[in-house]
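Top line first, the protein sequences correspond to chains A and B.
Each residue of the first sequence is one higher than the one before, counting from 1 in the UniProt record's numbering.
Each residue of the second sequence is one higher than the one before, counting from 1 in the UniProt record's numbering.
Partial chain A-side listing against chain B, Cβ under 7 Å, derived: (1) A190; (2) Y226; (3) A230; (4) L233; (5) I237; (6) A266.
Rough simulated footprint, nothing fancy, chain B against chain A, three-plus residues with beta-carbon under 8 Å: (7) 212-225; (8) 249-258.
Honestly, the hints are just simulated from the structure, not real lab data.
Glycine included, C-beta positions come from ideal geometry on N, C-alpha and C.
Number of protein chains: 2
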Amino acid sequence: MKVAVVGVGLIGGSIGLAARQRLGAHVVGWDPSAGALEAAVARGAIVEACASLVDAVGDADFAFVAAPVHVLAGVVSEVLAVAGPQCVVTDVGSVKRAVAGAVSNPRFIGGHPLAGAETAGVEHARADLFTDATWYLTPTPNTEGSAFERLHRLITRIGAWPTAVEPETHDVIMASVSHLPHVLANVLVAQAARVLGEERLPATGPSFRDVTRVAGANSVVWGGIYAANADALVAAIDDLVARLSHARDMLAAGDAAGIAEWNDGARDDRRRLLEAGLAGGEVHELRVLVPNRPGIVAEIALALGRETIDIVDMGLYPSSGSHGTVALWIRGAVVAQQAERLVRELGLEVVRA
Amino acid sequence: MKVAVVGVGLIGGSIGLAARQRLGAHVVGWDPSAGALEAAVARGAIVEACASLVDAVGDADFAFVAAPVHVLAGVVSEVLAVAGPQCVVTDVGSVKRAVAGAVSNPRFIGGHPLAGAETAGVEHARADLFTDATWYLTPTPNTEGSAFERLHRLITRIGAWPTAVEPETHDVIMASVSHLPHVLANVLVAQAARVLGEERLPATGPSFRDVTRVAGANSVVWGGIYAANADALVAAIDDLVARLSHARDMLAAGDAAGIAEWNDGARDDRRRLLEAGLAGGEVHELRVLVPNRPGIVAEIALALGRETIDIVDMGLYPSSGSHGTVALWIRGAVVAQQAERLVRELGLEVVRA
Numbered sequence: 001m002k003v004a005v006v007g008v009g010l011i012g013g014s015i016g017l018a019a020r021q022r023l024g025a026h027v028v029g030w031d032p033s034a035g036a037l038e039a040a041v042a043r044g045a046i047v048e049a050c051a052s053l054v055d056a057v058g059d060a061d062f063a064f065v066a067a068p069v070h071v072l073a074g075v076v077s078e079v080l081a082v083a084g085p086q087c088v089v090t091d092v093g094s095v096k097r098a099v100a101g102a103v104s105n106p107r108f109i110g111g112h113p114l115a116g117a118e119t120a121g122v123e124h125a126r127a128d129l130f131t132d133a134t135w136y137l138t139p140t141p142n143t144e145g146s147a148f149e150r151l152h153r154l155i156t157r158i159g160a161w162p163t164a165v166e167p168e169t170h171d172v173i174m175a176s177v178s179h180l181p182h183v184l185a186n187v188l189v190a191q192a193a194r195v196l197g198e199e200r201l202p203a204t205g206p207s208f209r210d211v212t213r214v215a216g217a218n219s220v221v222w223g224g225i226y227a228a229n230a231d232a233l234v235a236a237i238d239d240l241v242a243r244l245s246h247a248r249d250m251l252a253a254g255d256a257a258g259i260a261e262w263n264d265g266a267r268d269d270r271r272r273l274l275e276a277g278l279a280g281g282e283v284h285e286l287r288v289l290v291p292n293r294p295g296i297v298a299e300i301a302l303a304l305g306r307e308t309i310d311i312v313d314m315g316l317y318p319s320s321g322s323h324g325t326v327a328l329w330i331r332g333a334v335v336a337q338q339a340e341r342l343v344r345e346l347g348l349e350v351v352r353a
Numbered sequence: 001m002k003v004a005v006v007g008v009g010l011i012g013g014s015i016g017l018a019a020r021q022r023l024g025a026h027v028v029g030w031d032p033s034a035g036a037l038e039a040a041v042a043r044g045a046i047v048e049a050c051a052s053l054v055d056a057v058g059d060a061d062f063a064f065v066a067a068p069v070h071v072l073a074g075v076v077s078e079v080l081a082v083a084g085p086q087c088v089v090t091d092v093g094s095v096k097r098a099v100a101g102a103v104s105n106p107r108f109i110g111g112h113p114l115a116g117a118e119t120a121g122v123e124h125a126r127a128d129l130f131t132d133a134t135w136y137l138t139p140t141p142n143t144e145g146s147a148f149e150r151l152h153r154l155i156t157r158i159g160a161w162p163t164a165v166e167p168e169t170h171d172v173i174m175a176s177v178s179h180l181p182h183v184l185a186n187v188l189v190a191q192a193a194r195v196l197g198e199e200r201l202p203a204t205g206p207s208f209r210d211v212t213r214v215a216g217a218n219s220v221v222w223g224g225i226y227a228a229n230a231d232a233l234v235a236a237i238d239d240l241v242a243r244l245s246h247a248r249d250m251l252a253a254g255d256a257a258g259i260a261e262w263n264d265g266a267r268d269d270r271r272r273l274l275e276a277g278l279a280g281g282e283v284h285e286l287r288v289l290v291p292n293r294p295g296i297v298a299e300i301a302l303a304l305g306r307e308t309i310d311i312v313d314m315g316l317y318p319s320s321g322s323h324g325t326v327a328l329w330i331r332g333a334v335v336a337q338q339a340e341r342l343v344r345e346l347g348l349e350v351v352r353a
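Please construct the entire structure, taking both the sequences and the accompanying hints into account.
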């Protein structure tokens, strides 16, 4: 298996390391920076630094585009133009609507691993960066089922949890759980640094360090993310300000009961969010009889993704007739039952293996 | 040395463990909950569960009051009423104005270690909870110099960094770097849990988990903190909302240059905040000739604390005449020079050892 990494920074380099160490893949790389390519080879993230994009992706089985969000659609299109017909192309951008709107190719599936580190650059790449991380995928009705299956399996095998989602939903979620925390971190360090003028810098406790860890992330990368998701982020800020104002008014009024109820609610919300990421149990197999038509795999994946059901693994078994079979492995008996119900609601027949 | 811990939870228990393991102190405890006392003995945080407050503090050298903020002033007063004349009394509350306003005793010094954990209760107490943590102390002009010196040394020996600060300044700092992050964590989990209705809980990335780690902290403890520091917290929220609105308007206007400048500023602010906590270098000794009058030690400690200068260790050498000597150990040549200048500005004579 040949994997091409287009853009060898922290994320691209970690994909290369994981594909080499976990799958024994032949990993090659391309990057506009010769220095980054050299560092990637030195790090062992790629075994070959390619002189051109076509050298990297022409005969690759997978191409991962890890470029800044503001140039993503252009680079993905260039990769698709020179990739062979066997090549599944994906990206790792933090915003998905722009690339999804610009690229419509059955072999392209947008992606976004929820992983990162304080330190950028391929010299900090790690094979385990994606272990147990959610990896969003944005298949569309136009997506080739076998391309989705192959990418899904690859991501599972490097240790992450693929979850299908619509690009619009993805961007709203990210505005709230990633981009807004970055904005807040920036605002909080600015406030703390100036709270007592320039003379005294306050000692900072653990909660402050947690909240501000991502302050002042790389301006090129994050400028692009903020711009690409500005509308969703503005809406998230407006909602946050309204919620802050509510808490502020309770504090100003000395409303102890209201504060306690609000705080208890936050505890419950946090527990629900954590539990959603911690579903466990045995893996169950569902076999779904599907018509041989485009988009059916994306439709199933998105239906389960909407209910936060992770597909541990999947397999496509096309037949020569009008129908084929999709096997889905789902963790936990209750979740598997829920998945079965959702698939039936799509009008499909399910067999429990 | 006998140390009494009044209130044996996570913080009180960790003080007990640290005093036993690092100083070989005889540590006793009192708590309104018999179950908590039992657990504290089982954990090894105290060696003796006292039946009454006077049993615990009557002949103690130090009493640490670790009670919720809303009952703090009352408990500290009770402890001072039954503690012997040799006993230095302090507390660990997260808000300092209320207790400083209610208690005026030369042997009481307010305190607040910037340490904590996600998990409350003495069963999670650790001897190293305070290692390298800032430990705020709020001496007043009324504070007995030798009481401050003894407490300062004790806290240094359990591994923390004592820093003197006025109660008002402490509460403004905490509103910004601790209480506001807690409010934000609450608001963010509520937003994320509801961003897509009840049907889909979004997967959350590392930045979101960092920001929301403290969401829904114990309502009894935090209700008291919010109430005691409501005015400073309301001001911090108002400032935050103004800063958020500024960022929001730049995003909505697509002001890429403004966003980049703002983001770079946050990076610089974060670096300054981190560097302030990482001063290094050799320890230098300053000897200060001081008049034998009350409040002089607090005055020196506060003057250095205002400039974020940590006193690594201190020693008091009273003489029978009108003057004595205070020895200060300061880390780093430049910082020691700055400290010398500040002490001279108080009208005091300094000798470099």
